[in-house]
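Here the protein sequences come in this chain order: C and L.
Number 573 in my numbering belongs to position 246 of the first sequence; there are no gaps in the numbering.
Number 466 in my numbering belongs to position 139 of the second sequence; there are no gaps in the numbering.
Hints were generated in silico from the structure; no laboratory data involved.
All figures in this text were calculated on a predicted structure; none of them were measured in a lab.
Misleading hints may appear alongside valid ones.
Quick list of in silico lysine to aspartate or glutamate cross-link-like pairs, EDC-like style, CA-CA up to 16 Å [said to hold, decoys possible]:
1) LYS589/C - ASP346/L
2) LYS589/L - ASP477/C
3) LYS428/L - GLU370/L
4) LYS557/C - ASP522/C
5) LYS347/C - ASP529/C
6) LYS339/C - GLU355/C
7) LYS513/C - ASP555/C
8) LYS589/L - GLU531/L
9) LYS362/C - GLU390/C
10) LYS586/C - ASP529/L
11) LYS586/L - ASP477/C
12) LYS482/L - ASP346/L
Protein chains: 2
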Amino acid sequence: MIITSKDNEQIKHIRKLKDKKFRDKQGEFFVEGMKLVREAIDEKADIRTIVICDECAETGRFEPKDLYEIAKHNCLYVSEKVFNHICDVQNPQGILAVIGKMQNTKKIEYNEDLIVILDGVQDPGNMGTILRTLDSVGLSQVIVSDICVDVYNPKVVRATMGAVFRINIIESEDLTETIKDLKKNKIEIVVTALDTNKSIYDVEYKKMAIIIGNEVNGVSPELVKLADKKAKIPMFGRTESLNAAVAASVVLYEYVRQKVTKSSSKETK
Amino acid sequence: MIITSKDNEQIKHIRKLKDKKFRDKQGEFFVEGMKLVREAIDEKADIRTIVICDECAETGRFEPKDLYEIAKHNCLYVSEKVFNHICDVQNPQGILAVIGKMQNTKKIEYNEDLIVILDGVQDPGNMGTILRTLDSVGLSQVIVSDICVDVYNPKVVRATMGAVFRINIIESEDLTETIKDLKKNKIEIVVTALDTNKSIYDVEYKKMAIIIGNEVNGVSPELVKLADKKAKIPMFGRTESLNAAVAASVVLYEYVRQKVTKSSSKETK
C-alpha cells in the first residue's frame with residue numbers, strides 16, 4: 328500500500344520529529360538519504376521505520392543490495408508529494424529512516440586523553456562537522472550543554488556524515504557541575520580564549536578537557552572561571568575569527584599531532 | 328527616488344551579477360549585509376553602487392555612523408520587494424554593495440613559505456571558509472583552478488567574512504603549467520593523499536605549495552603525478568573523511584604551528 332495522504336497518522340508522527348520537543352518525548356529522530364540510512368544499518372542503529380518514496384524506488388534510484396537490506400526493516404511506501412512533505416532537504420533523495428535515539432549513557436569515560444565539551448554551539452552545520460571531526464580523530468564521546476543546537480536536528484545529523492551513530496553524546500544539564508566532576512577526576516580544564524599568550528601548541532594534551540564555546544560569544548564566563556588554563560589559536564591575518572567548526576578541528580588535530588608524534592618518537596627509540 | 332520596479336535597468340543589471348558569466352564580463356560582483364559592506368569600505372574596495380532597502384533604512388536598522396560612510400558612495404534606494412528580488416539570502420539584511428573585482432595580479436609571490444592551490448573545490452561554503460582560514464593564518468594569496476566554484480559567487484563571498492577583499496586570488500587557466508612554474512622556482516609540491524605513510528606532520532613547511540582537491544574526488548591524477556610528496560591527514564575513526572574546509576584548515580594550521588614553534592624556540596636561544 329502506498330500512502331498518498333499527508334493526514335496519515337504515521338506521516339504526521341514522522342513530520343513532527345522535525346521538532347525537538349517531539350524528538351525528546353518520543354526518543355526518536357530521522358536521517359535522510361541513502362548514505363545515512365546505510366550507515367544506520369551498518370552501525371546497527373535502532374531503526375524503527377524506513378520511509379521510501381515510491382516514485383524514486385520505481386525509477387531504480389536505489390541499488391538492489393541496499394533494497395535487500397532495507398526490506399528487512401519496517402518499510403513505509405509513500406507518494407513523492409508525501410515524502411517531500413515530511414523531509415527536510417531541498418533535493419530529497421527519496422529515503423529516510425526513523426531511528427530510536429542512541430542509548431547514550433550519561434557516564435563520562437575518563438580514560439581518554441582528550442574530552443571535548445561544547446558550550447552553546449548553535450549552527451547545525453558547525454555542530455555536525457565538529458561531531459564528524461571528533462569521530463575522525465578517534466574520540467568516542469562528547470559533552471554537550473543544553474544551550475547547544477540539538478544533535479538530533481536533521482541538519483546536524485546530515486553534517487555528521489554518520490558520526491552521530493558512533494559517538495557517545497553526553498547531554499549535560501549543568502555544565503558547571505560536570506566540569507567540577509571532571510576536575511575531581513584530575514582532568515585539566517582548558518578553554519580557548521584570546522586574552523592569553525599561551526597557544527594551543529603550548530598545551531600538553533593529556534588528561535585534559537577542552538571547552539569550545541558559542542560562535543559569537545565564545546565560552547560562558549562562569550565556565551571560563553572554572554578553567555585551569557586558557558589557550559589561543561594563533562591568528563595572523565585581519566580576519567577577526569575562524570569558522571567555529573574550523574576552530575574546533577584545529578584544536579582537535581593538535582591532539583592527533585601530539586599522539587602521532589609521540590608514537591613515532593617511541594618507535595625510533 | 329525609490330525604485331519600486333523590478334524592470335528598472337540598474338536592478339536588472341545587479342540581479343544578473345548572480346550569474347558567473349555576467350560577473351566575468353562586467354568585472355563586478357556584489358556583497359550582502361552590513362558587515363561585508365563595512366569590510367568593503369574599510370578595505371577600500373572599488374564600490375560602484377550601494378543598494379539600500381528603503382523600509383529597512385526607515386526602521387533604523389542601520390547605525391548613523393554606517394549611514395554616514397555609505398552616503399559617500401553612489402546609493403540606490405529600493406523597495407523591500409525589489410531588494411528581495413535582487414538578493415541571494417533568505418533573510419536579507421537590506422543592504423548590498425556592487426563592487427569592481429579586486430585588481431588581483433596573476434603574479435605569484437614566491438617568498439611565502441606556503442602557497443595554497445585549490446583544485447576543484449566545489450562547495451561555496453567550503454571555498455569561502457578556506458579563504459577565511461587562509462587570511463587568518465597570514466597568507467596573502469591563493470591559486471584557484473577554473474574548475475573551482477567562482478570565488479565571487481555570493482555564497483562564497485559571504486563565507487569568506489571579508490577575506491575575499493584581502494587575498495590575492497590568482498585564477499589559473501592551466502594548473503599543470505602553474506605547477507611547473509612553481510617547480511622551476513624551487514617550490515616543493517605536496518598533495519594530500521591517503522595512499523602514503525607520511526603525514527602532514529612529517530612535512531617541513533618551507534618553500535612548499537600544497538594542492539587541495541575536490542570534495543569527492545580529491546586532487547586530479549595528472550597533478551598528483553607532478554607532486555614531489557604525498558602527505559596524509561591522520562584519521563582514526565570510522566568516519567571516512569573530513570569536511571573539505573576542515574581538512575584544508577588542519578593542513579594550514581600545521582603551517583602556523585611550525586612558524587610559532589620555530590619563533591619561540593629562537594626566542595629561547
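Hints violated by the structure (listed by number, smallest first): Numbers 1, 2, 5, 11, in rising order.
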